[in-house]
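Generate the whole structure from the sequences, applying the supplied hints.
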Amino acid sequence: MCVGEDIDDLQYTPKPEFEGYFRVKNVQTELDLLKAWFSHMQEVKPGIYVTYNDDFFGWPFLEKRAAHHGIKMNEEIGFQCDNNQGECRAKFSCHLDCFAWVKRDSYLPQGSQGLKAVTKAKLGYDPLEVNLEDMVRFAMEQPQTMASYSVSDAVATYYLYMTYVHPFIFSLATIIPMSPDEVLWKGSGTLCEMLLMVQVLIWDVEAQPNRHAVLGASESRPDLHDYWGSGNICNIVSKLDSHMSVLS
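Per the numbering used here, the very first residue in the sequence shown carries number 218; after that it's consecutive.
To be clear, the hints were calculated from the coordinates, so they are not data collected in a lab.
Please note: incorrect hints may appear among the correct ones.
Straight-line distance between alpha carbons at most 25 Å, and here's what the computed PhoX-like set of lysine-lysine pairs gives [stated by the list, open to error]:
#, residue 1, residue 2
1, Lys320, Lys289
2, Lys308, Lys252
3, Lys242, Lys262
4, Lys242, Lys281
5, Lys337, Lys232
Taking CB as the label site, the calculated pair distances span [to be verified]:
#, residue 1, residue 2, range
6, Leu413, Gln245, 52 to 62 Å
7, Asn348, Gln327, 21 to 31 Å
8, His285, Cys409, 38 to 48 Å
9, Gln361, Met414, 20 to 30 Å
10, Pro384, Met258, 23 to 33 Å
11, Glu222, Phe387, 39 to 49 Å
12, Asp299, Pro384, 21 to 31 Å
Note that the structure is predicted; figures quoted are calculated from it, not measured.
Beta carbons are placed, not taken as given, at the ideal position from N, Cα and C, and that holds for glycine.
Next up, the structure:
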């Protein structure tokens with residue numbers, strides 16, 4: 218490994234209300250690191266995993282590095298990456314990627330959606346930054362500096378989640394019949410549609426939520442193309458549409 222010395226326990230508190238205390242476990246190899254992390258996850262059994270853009274980077278990287286050492290991540294902690302959907306999920310635990318909230322609900326422009334920019338805009342402080350060309354050298358010469366830089370991302374992600382993402386997503390999940398990770402990933406239009414369908418069920422209104430999933434599209438009788446769940450044929454269907462920009 219390229220770290221110059223063992224890392225001591227450390228604290229990173231960018232603002233008084235954003236405390237960060239870290240207990241460090243030093244290991245010798247990447248394999249030892251993976252085993253230690255998987256073992257810790259099995260011990261604490263978190264119900265929610267919070268990351269920033271790790272659906273596309275962190276989880277796939279972890280899965281591939283574990284596979285390189287003959288370890289199957291899904292057998293260790295139950296998470297498996299779906300490359301087609303661009304998501305990493307488990308049946309028993311939520312993975313909430315804060316980047317998905319930033320893209321859909323933060324009102325920040327596309328060029329300001331990186332974690333550093335979001336930290337400045339939403340949490341009100343300047344995070345630690347290290348030039349890319351200095352990282353390997355600092356790992357050897359200034360390992361404590363690199364350790365502080367590493368945990369600064371964890372602190373920013375945690376408080377971004379606790380301040381904005383957690384209350385918003387779980388509030389929606391109490392009124393929308395979806396799991397929290399689905400509420401986070403679905404578009405605003407889909408969420409509004411699901412809210413409407415809840416009222417449809419409550420008021421016993423006959424409705425077809427998805428035009429592409431209409432039952433009974435018949436090639437032989439194109440004039441009688443729509444069927445409702447009751448089995449009755451519907452000759453004419455009117456569809457009212459709207460565009461949802463954001464869910465408030």
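Structure-based check of each hint:
1. Distance check on the hinted pair: Lys320 and Lys289 sit about 31 Å apart at the alpha-carbon level, beyond 25 Å; violated.
2. Of the supplied pair hints, the one linking Lys308 and Lys252 holds, its CA atoms being roughly 22 Å apart against a limit of 25 Å.
3. Between Lys242 and Lys262, the direct Cα distance comes to roughly 19 Å. Compliance with the 25 Å bound is thereby established for this hinted pair.
4. For a cut-off of 25 Å, the pair hint linking Lys242 to Lys281 stands: about 22 Å separates their Cα positions.
5. This hinted pair checks out: Lys337 and Lys232 have alpha carbons roughly 12 Å apart, not beyond 25 Å.
6. A C-beta distance of roughly 56 Å is found between Leu413 and Gln245, which places it inside the suggested range of 52 to 62 Å.
7. In this structure the hint that Asn348 and Gln327 lie 21 to 31 Å apart at CB holds, the actual value being about 24 Å.
8. Taking the beta carbon of each, His285 and Cys409 are about 43 Å apart, inside 38 to 48 Å as hinted.
9. Taken as a hint, the range 20 to 30 Å is violated for the pair Gln361 and Met414, whose Cβ atoms sit roughly 54 Å apart.
10. The hinted window of 23 to 33 Å between Pro384 and Met258 holds, with their beta carbons roughly 25 Å apart.
11. Separated by about 42 Å at the C-beta atoms, Glu222 and Phe387 satisfy the suggested range of 39 to 49 Å.
12. The given range of 21 to 31 Å is respected by Asp299 and Pro384, whose C-beta atoms sit roughly 27 Å from each other.
Figure legend: structure checked against the earlier numbered hints; hints not met, in rising order: 1 and 9.
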